[in-house]
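Asker: With the sequences and hints as input, model every part of the structure.
Sequence order for the protein chains is A and B.
Under this note's numbering, the residues of the first sequence are numbered 5 to 637, in order.
Under this note's numbering, the residues of the second sequence are numbered 465 to 676, in order.
In short, the hints are calculated from the structure, not lab data.
Hints are supplied without guarantee of correctness; some may be wrong.
Result set (BS3-like, lysine-lysine): computed pairs, CA atoms no more than 25 Å apart in a straight line [said to hold, decoys possible]:
#1 K505/A - K517/B
#2 K616/B - K627/B
#3 K517/B - K491/A
#4 K488/A - K531/B
One-sided and incomplete, this derived list gives chain B residues near chain A with beta-carbon spacing under 8 Å [unchecked claim]:
#5 D530
#6 K531
#7 S534
#8 Y538
#9 A612
Keep in mind the model is a prediction, meaning the values are calculated, not measured.
Using N, Cα and C, we set each Cβ at its ideal position, and we do this for glycine too.
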Amino acid sequence: MKRWMLAALAVAALVGGAALMQGCTKGIRGGGSAAAKTYVKPGEYDTYYAFLSGGHSGQVFVYGMPSCRYITTIPVFTPESAKGWGYDEESKAMLKGMNWGDAHHPGLSETDGDYDGRWLFINDMPHARIARIDLTDFTTKEIFGPIPNISAAHACPYPTPNTEYVFAASRFSIPLPYPTVDKVENYAKDFKGIIAGVKVSPEGHMSLGFEILMPPFDWDLADAGKGPSHGWEFFTCYNSEEAHDSLEIKASQNEMDYVAAVDWRAAQKAADAGEGTMIGGVKVLDPKVTKGIVYLVPVPKSPHGVDVDPSGQYICASGKLQAEVTVHSFAKLMAGIQAKKFEKEIEGIPVLAFNDVLEAKVPVGLGPLHTQFDGKGNAYTSLFLDSQIAKWKIGPPWNVTDKIDVYYSIGHLMVAGGDTRHPYGDYMVALDKLSKDRYLPVGPSHPEAAQLIDISGPKMELLYDFPTYPEPHYAQMIRADKLKPMKIYPLADNKNPYAIKSADQARVERHGKRVDAYLLAIRTHYTPDIVRVAQGDTVYFHVTNLEQDADITHGFGILFSNCDMQVEPGETKTMKWVAEKAGVTPFYCSNFCSALHQEMQGYIEVAPAGTRIASVSKPSREQLAQVAPLLRR
Amino acid sequence: MSFVVRYLTGGFRSSERRLILLAALVLLPVFFLPVLPIWEMHLRAPQYPEGLKLTIYSNTIRGDLDKVNSLNHYVGMHAITPEDFAEFRYLPQLLTGFGFLALLAGLLNRRWIAALGWLLFTGFAVYMFRDYVLWLYRYGHELDPRAAITMKSFMPPVIGYSKMANFHVLSLPGPGTVVLGIAWLLGPLALWMERRAERAHAHAAAAATVAA
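Answerer: This is the structure in structure tokens:
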């Protein structure tokens with residue numbers, strides 16, 4: 005055979021082989037199998053962060069999407085020993101002794117109506133608290149509240165498009181201020197609802213902006229206006245019947261309940277002008293006196309969710325007991341307000357006529373709760389009773405174009421970016437209330453269930469089904485490249501007044517009965533590792549983790565106590581321990597850190613009460629010599 | 465011999481002079497700032513998939529010093545700190561000094577200054593390399609006998625790859641050394657160009673004689 009023929013054959017074989025290989029990979033990647041669409045190779049990252057509220061666990065769960073891998077828990081309202089949350093003095097002070105929370109609605113901070121990746125806000129309904137989680141280190145930085153006069157902050161926090169405000173509204177009206185002695189029978193007369201606007205400073209700090217006195221309806225959910233409706237916040241309510249018992253029946257009688265539209269700029273202006281009456285230590289605006297801050301728009305049959313579409317033109321509310329989504333037009337609402345075309349007033353709040361504001365009714369199915377949007381002209385509504393999600397077209401003919409089954413009894417649904425001006429439009433997560441038979445049985449206490457759904461095509465496609473720990477309500481999903489989390493805390497930036505950064509600063513200091521123990525932690529020892537105190541002393545352990553290496557967390561756990569904290573690289577944390585009895589108590593690193601982790605331990609030596617102890621004691625010279633080179637930074 | 469004397473006492477051709485000035489240009493400014501690494505050490509272990517790096521400049525050592533020191537303390541190795549190296553206090557000045565010599569040679573058009581500078585530079589390079597090897601030797605051999613992990617003393621790789629405990633170590637000269645090497649090579653290059661030009665000249669002269 006001639007040489008050129010051989011060469012030609014070789015080339016042909018190569019080309020053929022390559023084509024074949026490409027065919028194979030196509031088969032795996034683009035073949036559309038749900039497994040391939042959720043598969044993220046070991047060592048590779050997901051494209052989205054999903055933040056699922058933890059419900060009555062009080063926390064936030066972080067998942068990677070589309071793999072649906074659970075990544076971590078951000079402790080917020082409940083002590084969490086795994087991360088030492090609520091054990092060190094700083095987080096203890098934030099929790100103010102409360103040991104539970106019910107976290108419902110995570111809300112990512114926004115700029116121009118889109119997620120900016122700075123913070124995640126989340127509410128604790130029963131204690132009317134709002135927490136701000138910093139997304140540079142995924143830790144809770146601030147817990148605002150309990151917000152005065154708010155009783156069950158369910159419609160919360162639902163940030164405005166530039167994170168000017170987060171909101172809270174009372175789900176369970178009460179006589180104000182709390183606590184007030186009264187008869188529940190006096191509900192309609194004495195009980196009040198409250199809507200609060202909480203200002204967020206450019207640094208994220210929360211403060212009360214204004215409060216509005218509302219009729220004693222059950223204020224349920226909220227959403228911020230955007231685009232043309234920027235400047236307004238919308239709240240649903242049920243129980244416009246003002247029932248105070250057997251709500252199941254009595255609060256389901258009226259044909260119409262309401263969406264309240266709050267003009268938060270006008271409300272803030274009135275509050276700044278000093279309007280309002282003092283209730284519970286804060287000024288509260290009364291719509292009977294202060295006009296033009298809030299309006300009511302009828303919505304049929306006990307609406308739950310209220311959701312503003314990406315264009316900001318439509319306000320979608322779903323009556324739980326009706327098979328339709330009611331779409332109101334913001335433009336019509338404004339026209340009605342301008343023409344002062346009101347049906348009536350309820351406790352000073354003008355009520356618009358249903359038909360004057362209505363844009364469309366969409367027959368979605370049974371038990372519609374929440375609606376999200378994909379930015380491509382479609383809306384998705386969760387159907388609790390049908391255990392389905394209905395996809396429908398925004399705009400005429402306002403019809404349902406697809407439905408998908410979910411498992412089971414869906415509450416919220418969440419489209420990636422689905423509450424922003426520019427939803428990502430590729431994934432949707434169904435957050436179900438019941439899992440029943442979906443996973444390996446673990447006894448009567450079932451996990452919750454969630455499903456990842458591909459919404460990039462004309463038909464919704466179920467990709468994955470995964471259990472969640474109780475109990476996600478709502479969730480948020482942001483593109484991973486929007487976040488740049490830090491890996492360690494730079495020691496140079498550690499400005500904690502109790503931080504020490506070199507071995508010669510390590511010491512135990514006595515101030516009367518208070519002892520301050522300044523400890524260094526670095527692989528694999530504490531300096532000092534023997535702390536001598538006397539019975540009756542209150543010891544503050546200030547532990548600085550000198551590591552600057554990622555993932556080298558050091559724990560500090562004291563045996564036979566309620567004390568165990570976790571100190572991240574470069575961080576200083578303080579924990580209080582009372583020397584109640586004389587004797588020797590070990591402490592140790594409770595977070596596996598390195599090859600000699602087992603050796604990372606120490607002792608507290610408690611002498612009998614009255615024993616004289618040096619006012620300052622430092623580690624021995626020998627011990628310092630061992631560690632000094634390591635501690636030179 | 466006569467060539468050498470003639471060569472050393474003479475001035476430069478314009479091309480040579482350009483080379484000398486280039487050497488000066490390279491040596492003069494860049495070594496006062498830690499911008500051009502002289503040597504780089506890359507370390508990789510299972511739990512450090514992103515790798516650790518130590519970078520030596522003329523005036524400091526940078527990179528994952530803290531991390532490397534934290535790990536080295538297990539085997540009782542001295543902590544590596546820039547303050548330990550007296551070299552960092554004279555190296556930038558010396559390198560710049562060589563730059564000055566080259567500049568001087570170029571400006572004064574004195575070949576012997578360039579030759580002297582080149583010889584000193586060569587000696588200096590040999591000395592510094594030996595110094596570097598010695599430092600590595602010391603780090604690998606002066607291990608604290610009380611360290612948690614007893615390790616046989618070892619020689620870290622001066623150049624190239626080796627495996628130390630769970631670490632794969634790759635040690636390579638950095639761009640700074642490449643620049644220095646080029647500056648150094650300009651010496652022999654100038655000499656070679658000179659010789660070639662000389663020969664061509666002699667050839668031309670011979671040809672002219674024959675022609676005449």
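Asker: Each hint: holds or not?
Answerer: Consistency of the hints with the structure:
no.: 1; hint: K505/A - K517/B; result: holds, 24 Å
no.: 2; hint: K616/B - K627/B; result: holds, 13 Å
no.: 3; hint: K517/B - K491/A; result: holds, 17 Å
no.: 4; hint: K488/A - K531/B; result: holds, 22 Å
no.: 5; hint: D530; result: holds, 5 Å
no.: 6; hint: K531; result: holds, 5 Å
no.: 7; hint: S534; result: holds, 6 Å
no.: 8; hint: Y538; result: holds, 7 Å
no.: 9; hint: A612; result: holds, 6 Å
In terms of the numbered hints stated before, the structure departs from none.
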